[in-house]
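Participant: Okay, here's what each chain looks like letter by letter:
Number of protein chains: 2
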Amino acid sequence: MPAYKAPLRDFHFVLNELIKVQEVLPQLPGYEEATEDIFNSYLEAAAQFCENELAPLNRTADEEGCHFEATTHSVTTPAGFREAYKQYCELGFPGLDCNPEYGGQGMPKALAFPVMEMQCSANVAWSMYPGLSHGAYSAIHVHGTDEQKATYLPKLVSGEWTGTMCLTEPHCGTDLGLLKTRAEPNGDGSYAITGTKIFISAGEHDLSDNIIHLVLARLPDAPKDVKGISLFIVPKFMQDGSRNGVFCGSLEHKMGIKANATAVLNFEGARGFLIGEPNKGLACMFTMMNAARLGCGMQGLGLGEASYQGALAYARERLQMRAANGPAQPDKPADPIIVHPDVRRMLLTQKAYTEAGRALTALLALQLDIEEKHPDAEARKDAADLVALLTPVAKAFMTDNGYLATNLGMQVFGGHGYIREWGMEQLVRDCRISQIYEGTNGIQALDLIGRKVLMDQGQKLRKFSAQIFAFCQANEGNENLKEFVAPLTQLLKDAGELTMGLAMNAMKNRDDVGAAATDFLRLIGHVTYAWLWARMAAVAYEKLGQGEDAFYQAKITTARFYFAKLLPEVHTLMATIKTGAKPLMALPEEQFAF
Amino acid sequence: MPAYKAPLRDFHFVLNELIKVQEVLPQLPGYEEATEDIFNSYLEAAAQFCENELAPLNRTADEEGCHFEATTHSVTTPAGFREAYKQYCELGFPGLDCNPEYGGQGMPKALAFPVMEMQCSANVAWSMYPGLSHGAYSAIHVHGTDEQKATYLPKLVSGEWTGTMCLTEPHCGTDLGLLKTRAEPNGDGSYAITGTKIFISAGEHDLSDNIIHLVLARLPDAPKDVKGISLFIVPKFMQDGSRNGVFCGSLEHKMGIKANATAVLNFEGARGFLIGEPNKGLACMFTMMNAARLGCGMQGLGLGEASYQGALAYARERLQMRAANGPAQPDKPADPIIVHPDVRRMLLTQKAYTEAGRALTALLALQLDIEEKHPDAEARKDAADLVALLTPVAKAFMTDNGYLATNLGMQVFGGHGYIREWGMEQLVRDCRISQIYEGTNGIQALDLIGRKVLMDQGQKLRKFSAQIFAFCQANEGNENLKEFVAPLTQLLKDAGELTMGLAMNAMKNRDDVGAAATDFLRLIGHVTYAWLWARMAAVAYEKLGQGEDAFYQAKITTARFYFAKLLPEVHTLMATIKTGAKPLMALPEEQFAF
Numbered sequence: 001m002p003a004y005k006a007p008l009r010d011f012h013f014v015l016n017e018l019i020k021v022q023e024v025l026p027q028l029p030g031y032e033e034a035t036e037d038i039f040n041s042y043l044e045a046a047a048q049f050c051e052n053e054l055a056p057l058n059r060t061a062d063e064e065g066c067h068f069e070a071t072t073h074s075v076t077t078p079a080g081f082r083e084a085y086k087q088y089c090e091l092g093f094p095g096l097d098c099n100p101e102y103g104g105q106g107m108p109k110a111l112a113f114p115v116m117e118m119q120c121s122a123n124v125a126w127s128m129y130p131g132l133s134h135g136a137y138s139a140i141h142v143h144g145t146d147e148q149k150a151t152y153l154p155k156l157v158s159g160e161w162t163g164t165m166c167l168t169e170p171h172c173g174t175d176l177g178l179l180k181t182r183a184e185p186n187g188d189g190s191y192a193i194t195g196t197k198i199f200i201s202a203g204e205h206d207l208s209d210n211i212i213h214l215v216l217a218r219l220p221d222a223p224k225d226v227k228g229i230s231l232f233i234v235p236k237f238m239q240d241g242s243r244n245g246v247f248c249g250s251l252e253h254k255m256g257i258k259a260n261a262t263a264v265l266n267f268e269g270a271r272g273f274l275i276g277e278p279n280k281g282l283a284c285m286f287t288m289m290n291a292a293r294l295g296c297g298m299q300g301l302g303l304g305e306a307s308y309q310g311a312l313a314y315a316r317e318r319l320q321m322r323a324a325n326g327p328a329q330p331d332k333p334a335d336p337i338i339v340h341p342d343v344r345r346m347l348l349t350q351k352a353y354t355e356a357g358r359a360l361t362a363l364l365a366l367q368l369d370i371e372e373k374h375p376d377a378e379a380r381k382d383a384a385d386l387v388a389l390l391t392p393v394a395k396a397f398m399t400d401n402g403y404l405a406t407n408l409g410m411q412v413f414g415g416h417g418y419i420r421e422w423g424m425e426q427l428v429r430d431c432r433i434s435q436i437y438e439g440t441n442g443i444q445a446l447d448l449i450g451r452k453v454l455m456d457q458g459q460k461l462r463k464f465s466a467q468i469f470a471f472c473q474a475n476e477g478n479e480n481l482k483e484f485v486a487p488l489t490q491l492l493k494d495a496g497e498l499t500m501g502l503a504m505n506a507m508k509n510r511d512d513v514g515a516a517a518t519d520f521l522r523l524i525g526h527v528t529y530a531w532l533w534a535r536m537a538a539v540a541y542e543k544l545g546q547g548e549d550a551f552y553q554a555k556i557t558t559a560r561f562y563f564a565k566l567l568p569e570v571h572t573l574m575a576t577i578k579t580g581a582k583p584l585m586a587l588p589e590e591q592f593a594f
Numbered sequence: 001m002p003a004y005k006a007p008l009r010d011f012h013f014v015l016n017e018l019i020k021v022q023e024v025l026p027q028l029p030g031y032e033e034a035t036e037d038i039f040n041s042y043l044e045a046a047a048q049f050c051e052n053e054l055a056p057l058n059r060t061a062d063e064e065g066c067h068f069e070a071t072t073h074s075v076t077t078p079a080g081f082r083e084a085y086k087q088y089c090e091l092g093f094p095g096l097d098c099n100p101e102y103g104g105q106g107m108p109k110a111l112a113f114p115v116m117e118m119q120c121s122a123n124v125a126w127s128m129y130p131g132l133s134h135g136a137y138s139a140i141h142v143h144g145t146d147e148q149k150a151t152y153l154p155k156l157v158s159g160e161w162t163g164t165m166c167l168t169e170p171h172c173g174t175d176l177g178l179l180k181t182r183a184e185p186n187g188d189g190s191y192a193i194t195g196t197k198i199f200i201s202a203g204e205h206d207l208s209d210n211i212i213h214l215v216l217a218r219l220p221d222a223p224k225d226v227k228g229i230s231l232f233i234v235p236k237f238m239q240d241g242s243r244n245g246v247f248c249g250s251l252e253h254k255m256g257i258k259a260n261a262t263a264v265l266n267f268e269g270a271r272g273f274l275i276g277e278p279n280k281g282l283a284c285m286f287t288m289m290n291a292a293r294l295g296c297g298m299q300g301l302g303l304g305e306a307s308y309q310g311a312l313a314y315a316r317e318r319l320q321m322r323a324a325n326g327p328a329q330p331d332k333p334a335d336p337i338i339v340h341p342d343v344r345r346m347l348l349t350q351k352a353y354t355e356a357g358r359a360l361t362a363l364l365a366l367q368l369d370i371e372e373k374h375p376d377a378e379a380r381k382d383a384a385d386l387v388a389l390l391t392p393v394a395k396a397f398m399t400d401n402g403y404l405a406t407n408l409g410m411q412v413f414g415g416h417g418y419i420r421e422w423g424m425e426q427l428v429r430d431c432r433i434s435q436i437y438e439g440t441n442g443i444q445a446l447d448l449i450g451r452k453v454l455m456d457q458g459q460k461l462r463k464f465s466a467q468i469f470a471f472c473q474a475n476e477g478n479e480n481l482k483e484f485v486a487p488l489t490q491l492l493k494d495a496g497e498l499t500m501g502l503a504m505n506a507m508k509n510r511d512d513v514g515a516a517a518t519d520f521l522r523l524i525g526h527v528t529y530a531w532l533w534a535r536m537a538a539v540a541y542e543k544l545g546q547g548e549d550a551f552y553q554a555k556i557t558t559a560r561f562y563f564a565k566l567l568p569e570v571h572t573l574m575a576t577i578k579t580g581a582k583p584l585m586a587l588p589e590e591q592f593a594f
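Just so you know, the protein sequences line up as chains P and A, in that order. The first sequence begins at 1 in this note's numbering and counts up one residue at a time. The second sequence begins at 1 in this note's numbering and counts up one residue at a time.
Don't take each hint at face value.
[As the list claims (entries may be wrong)] Derived DSBU-like pairs (lysine-lysine); straight-line CA-CA distance at most 35 angstroms:
{"no.": "1", "chain 1": "A", "residue 1": "Lys280", "chain 2": "A", "residue 2": "Lys463"}
{"no.": "2", "chain 1": "A", "residue 1": "Lys482", "chain 2": "P", "residue 2": "Lys508"}
{"no.": "3", "chain 1": "A", "residue 1": "Lys463", "chain 2": "P", "residue 2": "Lys332"}
{"no.": "4", "chain 1": "A", "residue 1": "Lys280", "chain 2": "P", "residue 2": "Lys493"}
No lab work stands behind these hints, which were simulated from the structure alone.
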């Protein structure tokens with residue numbers, strides 16, 4: 001495993017040349033000072049921290065894991081984690097995109113997302129400790145009372161305290177309507193929280209002085225199902241320093257992200273404080289959840305990048321067999337394996353998915369900034385719609401591609417890829433959870449097709465398509481881009497017709513929606529990436545001849561690879577979607593096994 | 001993780017109803033007594049052993065792993081492994097398909113392969129100890145002198161001794177031409193073997209009294225490259241009981257198959273005995289290698305089956321959300337997740353790939369038996385050609401599908417799938433190596449397109465296609481089968497034309513072969529599975545109305561699922577193959593990173 005190098009040149013490309021965040025940020029009140037120079041200084045500081053502090057801990061921390069001490073309910077994180085976290089706080093990163101009113105740096109998401117990608121590449125298990133805290137910050141920032149904000153936000157922003165989100169219980173994950181944790185009024189405005197939560201990432205650890213749990217629970221006589229769930233703030237330590245009744249019962253033994261403490265938390269009448277309105281807890285939680293879903297996508301992206309860097313270095317060094325059209329390095333005993341087309345297929349798949357994912361991330365980050373800050377209501381609405389539409393795509397498509405990419409990186413290493421010391425298989429194991437948590441990718445697919453597309457009669461999707469179609473029209477006469485724009489235009493037309501057909505079928509048979517969901521999400525993912533790759537090629541053509549031709553030529557070549565070798569997946573997706581639900585529903589349950 | 005249940009009903013289906021081994025075996029000298037009754041008694045004994053002895057050890061053995069004691073160069077296998085191996089030997093399974101002359105049971109591969117599948121499902125890490133021994137048996141049986149056979153075979157057949165295959169060295173895996181291990185004549189007919197071999201599965205352990213290593217090494221003045229490699233027998237202990245100079249230097253720390261000892265072996269002038277002709281070692285090793293490749297395929301199959309069983313049981317029990325068209329079990333708090341189309345998609349994908357893989361395995365096993373025993377030379381040649389053509393397909397397609405299946409099984413479990421105690425993620429980790437060892441799946445793809453298809457001007461592939469075409473023609477008027485036969489006929493035509501085009505391009509640019517290889521292998525895999533599913537549906541239709549309709553109806557429904565949801569992958573494969581090598585080769589090496 002080679003040292004991780006942050007892809008600063010590519011961050012510059014997506015932020016400043018493709019998405020052009022600097023054309024938008026000055027219009028957003030509060031972000032006037034987030035100039036390119038400011039961005040660069042933060043990105044460089046983050047790159048140094050990730051390369052020099054986080055990445056070197058990644059491999060050893062996987063072997064060491066977290067240690068649970070039952071007598072004290074305490075958890076020790078792997079060697080180096082505390083020191084790295086301390087330094088991270090000193091650098092001010094916990095509050096990078098937080099409100100300056102509470103001590104934050106007030107930077108946009110357009111900066112925070114690349115910083116998050118770097119952390120995911122360098123040490124995804126570590127990155128989850130501050131990642132979860134940020135979710136807790138957001139929920140309290142949006143839904144908390146002034147007093148709650150004053151109490152919790154400064155400490156979360158400084159990093160002195162960390163946070164969690166406590167949703168899952170042993171019998172319910174996807175179906176939160178089934179949750180049983182109870183909240184009984186104490187009579188003093190607080191509540192006694194009782195129940196067991198599982199799979200709580202960063203649920204107990206030794207990095208911070210206090211842990212602020214955000215917990216879903218039911219008030220007495222709450223309505224059934226998701227309509228009766230409320231959100232509570234449950235600190236590990238109370239204001240007066242006393243220990244609250246929430247205890248880590250055990251840590252899960254997992255496939256990966258072993259250095260992140262995944263806790264079973266027992267709430268034993270713990271004191272909690274209602275946040276937001278009673279019975280509206282799920283909506284509050286979704287403030288954290290949507291951010292967490294994009295965070296998951298970033299994990300797929302960051303791990304894909306790390307795996308690509310490892311595989312590329314290995315493919316340039318490992319000598320094995322000769323190039324098919326004659327030796328490339330006749331003076332060596334064999335050629336480096338990067339000469340072989342099938343090895344290049346694997347590397348380019350990693351590269352094309354990773355760079356498109358980075359572009360999508362930059363796009364979404366800026367839309368989040370617009371949604372939050374733009375003075376114009378319509379601009380905010382448009383941004384919110386695009387974010388809503390593409391959040392499930394970013395979560396599922398980026399993590400599925402990340403898993404594919406980490407597996408390909410491991411495959412490039414051959415047998416060595418299977419050996420833990422090389423670090424490639426850890427990336428696979430660490431990535432695998434991103435397809436599962438924060439709503440499985442199957443749930444993302446249902447969210448996209450059901451809630452985001454069909455529920456508003458395709459309005460958000462049409463707006464997105466119009467944006468892509470406008471790009472196609474604007475570049476219709478561009479000979480350079482023809483190879484990208486022509487298939488993109490056709491795909492857009494085909495996907496539009498297919499979506500119409502789906503909407504018709506959905507009225508007759510709801511199962512057709514679920515049957516199409518996963519394939520439909522990948523289809524929309526490819527529409528998005530095809531558009532982004534065409535745009536990246538367009539930018540690259542504009543920049544040719546200005547002194548960095550190799551970089552821009554690589555973008556054009558990678559775009560061609562994407563259109564030739566990855567985009568054709570849509571042929572299969574459209575074919576399978578058209579076969580509907582019947583092939584899935586026809587087998588009676590008892591005939592699945594004999 | 002539910003208890004493993006051997007799929008005995010499906011073994012009966014593929015062996016006796018689909019492939020109809022009993023119509024062929026009586027014609028093969030030596031297999032006259034391998035009747036259906038005999039098959040059943042062995043299959044039931046193996047099922048009991050795998051269900052009751054091997055499967056219960058699988059999870060604990062993964063956690064425990066193998067332990068290496070450096071001072072004694074010795075390895076301890078996980079608790080229970082020794083006892084299970086002893087029982088396996090007492091049952092006579094090590095010699096199941098071995099020559100009775102050396103104590104074997106003399107059973108055909110058509111029986112041995114299902115037994116191997118069960119072992120892979122129950123405990124793949126354990127199964128590799130006898131698996132490697134069998135490879136050593138085969139190599140000595142085919143290439144050894146009478147004296148060598150007399151010395152080694154009885155002990156390998158009884159299981160008192162085990163075997164290994166020692167190919168890989170730190171600097172070469174795929175490219176064995178680079179290997180450096182030396183064999184110097186001792187003057188007494190034996191050789192002193194010196195060098196380091198890595199990734200030696202079952203290379204050192206405590207299951208048997210002796211370990212017989214089959215080692216590739218170079219004689220003095222041997223020609224360069226693969227033309228100068230010879231094969232040697234290197235026992236751990238000599239006939240007189242003295243310790244030979246081969247020592248385990250360490251065990252690898254791996255992603256999975258942790259209960260199999262993957263050893264670094266240091267040969268320190270170890271006494272070895274040439275087997276086969278000097279400098280022809282690679283050909284000898286391929287006797288083991290081809291069997292090992294099919295064994296790998298079986299690992300993908302067996303692990304897919306195990307994962308399917310686990311996922312199916314969970315999907316029937318886990319209550320979460322309601323069916324889209326109304327509650328299925330209104331009396332319960334939620335419906336079992338098997339009601340959801342996307343969960344069914346995952347289960348049916350596992351099921352369809354697993355059952356087709358089982359059919360392919362039975363087909364190939366019988367062809368191996370014919371190749372070895374049939375009195376008619378042409379029949380032997382036809383069988384050998386089909387085995388040669390489909391061995392890389394079985395290895396790569398079955399392991400890729402096995403990895404897909406184990407990942408889907410884990411996904412069905414949601415967050416619980418990521419937790420080690422549930423056993424689902426172990427199947428993923430254990431399966432991952434099958435795509436890498438015994439020649440990576442990329443190497444299998446090159447073997448198929450290069451050596452097996454292009455090198456004989458498509459002769460083997462045409463013979464195979466003719467067989468499929470004959471099936472299509474014979475069933476042209478069958479209304480029941482139309483939905484399968486029509487697309488299969490079209491696919492056969494399309495794949496044939498595409499192969500012709502590939503052959504033309506290959507003459508102009510060798511890189512086009514490598515560029516197409518992986519996609520081409522999946523395409524041929526789908527041609528094979530589409531044919532097998534059509535045949536399985538044909539058998540099922542014939543059997544309807546005879547009292548087991550549910551079983552046969554499930555076959556027809558699963559065939560429909562395969563044609564609707566999995567086979568359409570060929571649209572993508574044909575599209576990407578047609579784009580050739582250019583999109584892969586265009587990027588200069590230095591432009592892969594900036």
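Participant: Need the status of pair A/Lys280, A/Lys463: alpha-carbon distance at most 35 angstroms?
Facilitator: Satisfied, since the Cα-Cα distance of roughly 30 angstroms is no more than 35 angstroms.
Participant: For the pair supplied as a hint, A/Lys463 and P/Lys332, is the alpha-carbon distance within the 35 angstroms limit?
Facilitator: Since the Cα atoms of A/Lys463 and P/Lys332 sit roughly 41 angstroms apart, the hinted pair is violated (cutoff 35 angstroms).
Participant: Taking 35 angstroms as the top limit, are the C-alpha atoms of A/Lys280 and P/Lys493 close enough?
Facilitator: It is violated: about 59 angstroms lies between the C-alpha atoms, which goes past 35 angstroms.
Participant: Given the hint that A/Lys482 pairs with P/Lys508, test it: the Cα-Cα distance must not exceed 35 angstroms.
Facilitator: Given pair A/Lys482, P/Lys508 holds - Cα atoms ~27 angstroms apart, limit 35 angstroms.
Of the numbered hints listed earlier, those contradicted by the structure are 3, 4.
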